[in-house]
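Q: Chains A and B are the protein sequences, given in the same order.
My numbering puts the first residue of the first sequence at -2, with every later residue one more than the last.
My numbering puts the first residue of the second sequence at -2, with every later residue one more than the last.
Hints in this document: simulated from the structure, not taken from any laboratory.
Certain hints may be false.
Unchecked claim - Subject to a maximum C-alpha distance of 27 Å in a straight line, what follows is the list of computed BS3-like cross-link-like pairs (lysine-lysine):
| id | chain 1 | residue 1 | chain 2 | residue 2 |
| --- | --- | --- | --- | --- |
| 1 | B | K30 | B | K8 |
| 2 | B | K394 | A | K128 |
| 3 | A | K452 | B | K43 |
| 4 | A | K135 | B | K519 |
| 5 | B | K452 | A | K519 |
| 6 | B | K219 | A | K519 |
| 7 | B | K128 | A | K394 |
| 8 | A | K43 | A | K8 |
| 9 | A | K135 | B | K394 |
| 10 | B | K17 | A | K509 |
| 11 | A | K394 | B | K135 |
| 12 | B | K359 | A | K509 |
| 13 | A | K509 | B | K27 |
| 14 | B | K24 | B | K7 |
| 15 | A | K136 | B | K394 |
| 16 | B | K519 | A | K219 |
| 17 | B | K43 | A | K394 |
| 18 | B | K135 | A | K136 |
| 19 | A | K452 | B | K456 |
| 20 | A | K128 | B | K359 |
| 21 | A | K452 | B | K509 |
| 22 | B | K306 | A | K43 |
| 23 | B | K509 | B | K519 |
| 24 | A | K7 | A | K37 |
| 25 | B | K394 | A | K509 |
| 26 | B | K135 | A | K135 |
| 27 | B | K62 | B | K27 |
| 28 | A | K359 | B | K128 |
| 29 | A | K306 | B | K43 |
| 30 | A | K359 | A | K8 |
| 31 | B | K84 | A | K136 |
| 32 | A | K219 | B | K97 |
| 33 | B | K519 | A | K452 |
| 34 | A | K7 | A | K452 |
| 35 | A | K141 | A | K48 |
Here's the letter readout for the chains.
There are 2 protein chains.
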Amino acid sequence: MENFKLFDPKKIFKEYPESKKTYFEGKLFKNLKVPMREIKINGNGKKDISKSIYVYDSSGPYSNKDTNININEGLFPLRRSWLLKRKPIQGGITQMGYAKKGIITEEMEYAAIRESHHNLKLFEENMEREKRLQSRNKKFTIPKVITPEYIRDEIANGRAVIPANINHPELEPMIIGRSFLTKVNANIGNSAINSSIEGEIEKLLWSLRWGADTIMDLSTGKNIKETREWILRNSPIPVGTVPLYQALEKVGGIVEDLNWEIYRETIIEQAEQGVDYFTVHAGILLPYVQLTRNRMTGIVSRGGAIMAKWCTSHHKENFIYSHFQELCEIMRHYDITYSLGDALRPGSIADANDEAQFAELKTLGELTKVAWKFDVQTMVEGPGHIPMHLIEENMEKQLEYCHEAPFYTLGPLTTDFAPGYDHITSAIGAAMIGWYGCAMLCYVTPKEHLGLPNKDDVKQGLIAYKIAAHASDLAKGHPAARSWDDALSYARYHFHWDDQFHLALDPETARKHHNESLPDEKNLRTPFCSMCGPRFCSMRISSQIFESNKDN
Amino acid sequence: MENFKLFDPKKIFKEYPESKKTYFEGKLFKNLKVPMREIKINGNGKKDISKSIYVYDSSGPYSNKDTNININEGLFPLRRSWLLKRKPIQGGITQMGYAKKGIITEEMEYAAIRESHHNLKLFEENMEREKRLQSRNKKFTIPKVITPEYIRDEIANGRAVIPANINHPELEPMIIGRSFLTKVNANIGNSAINSSIEGEIEKLLWSLRWGADTIMDLSTGKNIKETREWILRNSPIPVGTVPLYQALEKVGGIVEDLNWEIYRETIIEQAEQGVDYFTVHAGILLPYVQLTRNRMTGIVSRGGAIMAKWCTSHHKENFIYSHFQELCEIMRHYDITYSLGDALRPGSIADANDEAQFAELKTLGELTKVAWKFDVQTMVEGPGHIPMHLIEENMEKQLEYCHEAPFYTLGPLTTDFAPGYDHITSAIGAAMIGWYGCAMLCYVTPKEHLGLPNKDDVKQGLIAYKIAAHASDLAKGHPAARSWDDALSYARYHFHWDDQFHLALDPETARKHHNESLPDEKNLRTPFCSMCGPRFCSMRISSQIFESNKDN
């Protein structure tokens, strides 16, 4: 592991220009320091709009210029002091348990501050505009002010989760639920073909840099446990895993040799390390396997295929399903969140919304109720490959069958015909389902279906998904969403080029694109770019119209 | 122009692997030879599925291996013999004029064959699947069989257009309307900052390679007329322009010096060259300009800003609006299609669906009726920047105000915060509005708002938009759409790697991604990739389940 000494996390985070890590304090818990990213708006030095904008910041201490982080030591365990004071409820200290008792935790207030709208005075209020753009979502409304009490209530009712294992004290708490900012998960992890711990740590930091809200370590190659330890100790965001993968490694890859005891042992091992949520393939039952027989692409969930093979070869029911209550007791002990896996999600447009998929979803809804009895926080996973016109049905059925537990989907991909660009085919579906109420979007990279993603694939996948998530936040009317667009559009209309770049989701790329044809520094003062040139710049002509009117 | 001798179009088209240009014959017009791209499916040499799939092919004669094309000579004028026989109706020989008289033209049958479903026997019929996936669009239905008569009827009713100037005989006719495959336009053209005819011809061919259905030459730099001539003589797809740009160049860029006479002269000049459709900014009226005063980003259409400035500086009504009937007479003479420009489209999320935008849209609807009286085919342009939840209203209002004339939108971009990635922010909105019934999507490249797109930007923009268009075709239930997805998913599930690459929208990139981690030729026979490795490949395990069942 000597190589890690060479590894300076600051290098990855140098690219936030004109940004500063800012901390907001708690009101209920005065010691809370909740991070936001403050982007300075310069207005080309003019007084127009010389303010700051605060945006959600999941990058952790890495982006704080004043903090030195040594990967070998891990992050500061900020939650430790909170956890030490807690008293168990029902043998667990879960967020859901406290929420049901009416207790607001540090994690809840922390999440509430992150979700709040801190840019109230960026522009003059324009009531016509606010009314015109307001959400038209009939299924749910998001309150204008997100309070700790609102968060407590959402968690108590199962509509939101704060994944936070008591053994992951380094975590900066965040909330996943349809009434909150749409979250994005990045999958990392090695495979038997590509393996290195350094590579995975770099992907973690890279994911943080590009805005991942949670990551899943899906390693199936060498050093699974050690890789996970490095990731957990250095991750300020929730870490999810699929314990079945490691269990299968323990039995030498022989599916038939899996059993509850090995699975349970793996669960506890990962729980002790601090994994925040587990994808658990408990909903694929023996009779459902036959429902996939006429599918175009069979079973495309890795865990799903493993469990289907186990069930059919033993002619027995899924051992995770039959031990689900015992599993809930373990989950409760650590406050690990369920991510109930959709083993039977469609892997092609042809298989979308079929009987197998919805049969499993109903079972996931039943399991959700069981988990809630144990105060275990629960999300439900969703597809997959779905044509646009069938996406809304997925959200509706999930809300109905799963009692409004947060939905967490992979895409969905809206067409199968563009391997190499599935970050785009799926960003379309992801944005839509986010708008319909999906709480978290699992990213898809350009390598999907083709190979293990590398660093640049992780970036491209995250960019596409941050776009999808933000587009859905605008559409569902999250109060903290639109100020970012407004600030950027204002800068654009006023030719504040530097502000445009600083406010861009990817500042470096925006600046590079502009400078490709107008590299000279003085062009950052010009009221046009190379797209239209000076005579044909609509924004320039448009602003002249009202300026000349002023003179009249 | 000597450089063009060095320029071999074949090089750009070498990348269609296992593809062959195939021609379907007409029934009404026996001499028609309608091009499709036939992709051979090899099934790893097994008998599984050893067939071909036919996909829509807008690339023109360039992708025909047996045709040698000299850019200096231009394409063969296939429509010339059809046009010579035609008799005028109302002083014009427009497709709409014939359609209203009940006459089916060569162009109509040609378009019908292109839109037809030629892959009927690719897979066994699966009624459960067909029913499950069928369109749920309540606003319109697409017939299962697209006949020349259906096309004639759609044109007669104004719901579809075949842009085809009588002076562009090189054109391979295509149809734009909500009941047909969603089309994609690529904007090319120089600006005062970047100019070269060779560069624009290369962008044309590059656009054809990546599936553009029409192109707009938006040149505002040097040699506007000459550039257009080269493009038209070498373009098998409709070419659109914004004549106002050249008119403005004629008056030295002084907006106030524009007038109807100069505009009319420019229109005729371009009509004589063979431009197939004109973006005409006739709907922005003097009183509407004030409606943009409180906008975040004013007027962002170039033509719109020019006309707004002209109107306000002269305190006169828009001269294109006041001469619209005269303009219709010219359009009819050449069968040029109107693309009624949305001068007041929103340029930011904050300005979406505002009064200015919809006021102009109503006027565009009135102008549509006038154009139809003259038998002039008409499309209506749409936005722009629209958050997801306000997109459907755009389509609904357009259908209502504009009497179901085809809608042609720019994106829409669903957020403003990601300059450098606006091909993605807008592909989301484009896919959605395509599904709602938008007939053609104007692409947006990664350079949008930042600079003039280069060759790679054109490719990235087109890829994103071919995805959006195809996703919308699947969702709106076009009969020819799904076989492509099915063929690719079949290849994927059966590990026919070569077929996967050949069927991919971008074969080269798909193969490159796969080979990055498994470069060895023998890995094209393995039932896994580096994403999951051999033990964790869900598709592999899934197929084992049913194979082992077979043995029992």
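Q: Does each hint fit the structure? Answer for all of them.
A: Here is what the structure says about each hint:
Between the alpha carbons of K30 of chain B and K8 of chain B the distance comes to roughly 24 Å, so the proposed pair stays at or under 27 Å and holds. Taken as a hint, the K394 of chain B and K128 of chain A pair is honoured in the structure, with Cα atoms around 18 Å apart against an allowance of 27 Å. This hinted pair does not check out: K452 of chain A and K43 of chain B have alpha carbons roughly 37 Å apart, beyond 27 Å. At roughly 54 Å between alpha-carbon atoms, K135 of chain A and K519 of chain B are farther apart than 27 Å, so this suggested pair is violated.
A C-alpha spacing of about 26 Å is found between K452 of chain B and K519 of chain A, which places the hinted pair at or below 27 Å, so the restraint holds. Between the alpha carbons of K219 of chain B and K519 of chain A the distance comes to roughly 24 Å, so the proposed pair stays at or under 27 Å and holds. A C-alpha spacing of about 18 Å is found between K128 of chain B and K394 of chain A, which places the hinted pair at or below 27 Å, so the restraint holds. Between K43 of chain A and K8 of chain A the alpha-carbon distance is near 32 Å, which puts this suggested pair outside the 27 Å criterion.
Taken as a hint, the K135 of chain A and K394 of chain B pair is honoured in the structure, with Cα atoms around 21 Å apart against an allowance of 27 Å. Of the supplied pair hints, the one linking K17 of chain B and K509 of chain A is violated, its CA atoms being roughly 39 Å apart against a limit of 27 Å. The hinted pair formed by K394 of chain A and K135 of chain B meets the criterion: a straight-line CA distance of about 21 Å does not exceed 27 Å. Between K359 of chain B and K509 of chain A the CA atoms are separated by roughly 40 Å; this puts the pair beyond 27 Å, and the hint is violated.
Between K509 of chain A and K27 of chain B, the direct Cα distance comes to roughly 53 Å. Violation of the 27 Å bound is thereby established for this hinted pair. Taking the CA atoms of K24 of chain B and K7 of chain B, the gap is about 31 Å. The hint is violated against a cut of 27 Å. Distance check on the hinted pair: K136 of chain A and K394 of chain B sit about 24 Å apart at the alpha-carbon level, within 27 Å; holds. Note on K519 of chain B and K219 of chain A: the hinted pairing holds, with a Cα-Cα distance of about 24 Å set against a maximum of 27 Å.
Under the criterion of a C-alpha separation no larger than 27 Å, the hint pairing K43 of chain B with K394 of chain A is inconsistent with the structure, at around 40 Å. Between the alpha carbons of K135 of chain B and K136 of chain A the distance comes to roughly 21 Å, so the proposed pair stays at or under 27 Å and holds. Proximity of K452 of chain A to K456 of chain B is assessed by CA-CA distance (about 23 Å); at most 27 Å being required, the pair is judged to hold. With a C-alpha separation of about 22 Å, the suggested pairing of K128 of chain A with K359 of chain B holds against the 27 Å cut-off.
This hinted pair checks out: K452 of chain A and K509 of chain B have alpha carbons roughly 16 Å apart, not beyond 27 Å. Only pairs whose Cα atoms come within 27 Å are accepted, and K306 of chain B paired with K43 of chain A is accepted, the gap being roughly 26 Å. The suggested pairing of K509 of chain B with K519 of chain B holds, with an alpha-carbon distance near 15 Å, which does not exceed 27 Å. For the proposed pair K7 of chain A and K37 of chain A, the alpha carbon gap of about 20 Å is at most 27 Å, so the pair holds.
Restraint check for K394 of chain B and K509 of chain A: not satisfied, since their Cα atoms lie roughly 39 Å apart, outside the 27 Å limit. For the given pair, K135 of chain B sits about 19 Å from K135 of chain A by alpha-carbon distance, which is consistent with the 27 Å threshold. Pair hint K62 of chain B plus K27 of chain B holds up; C-alpha atoms about 24 Å apart against a cutoff of 27 Å. With a C-alpha separation of about 22 Å, the suggested pair K359 of chain A and K128 of chain B falls inside the 27 Å cut-off, and the hint holds.
Distance check on the hinted pair: K306 of chain A and K43 of chain B sit about 26 Å apart at the alpha-carbon level, within 27 Å; holds. About 47 Å separates the Cα atoms of K359 of chain A and K8 of chain A, which puts this hinted pair outside 27 Å; it is violated. Taken as a hint, the K84 of chain B and K136 of chain A pair is broken in the structure, with Cα atoms around 58 Å apart against an allowance of 27 Å. Proximity of K219 of chain A to K97 of chain B is assessed by CA-CA distance (about 71 Å); at most 27 Å being required, the pair is judged violated.
Using a Cα cut-off of 27 Å, the hinted pair K519 of chain B and K452 of chain A holds, with the two alpha carbons roughly 26 Å apart. Restraint check: the Cα-Cα separation between K7 of chain A and K452 of chain A comes to about 16 Å, which is no more than 27 Å; the hinted pair holds. Taken as a hint, the K141 of chain A and K48 of chain A pair is honoured in the structure, with Cα atoms around 22 Å apart against an allowance of 27 Å.
Against the hints set out earlier in the document, violations occur for numbers 3, 4, 8, 10, 12, 13, 14, 17, 25, 30, 31, 32.
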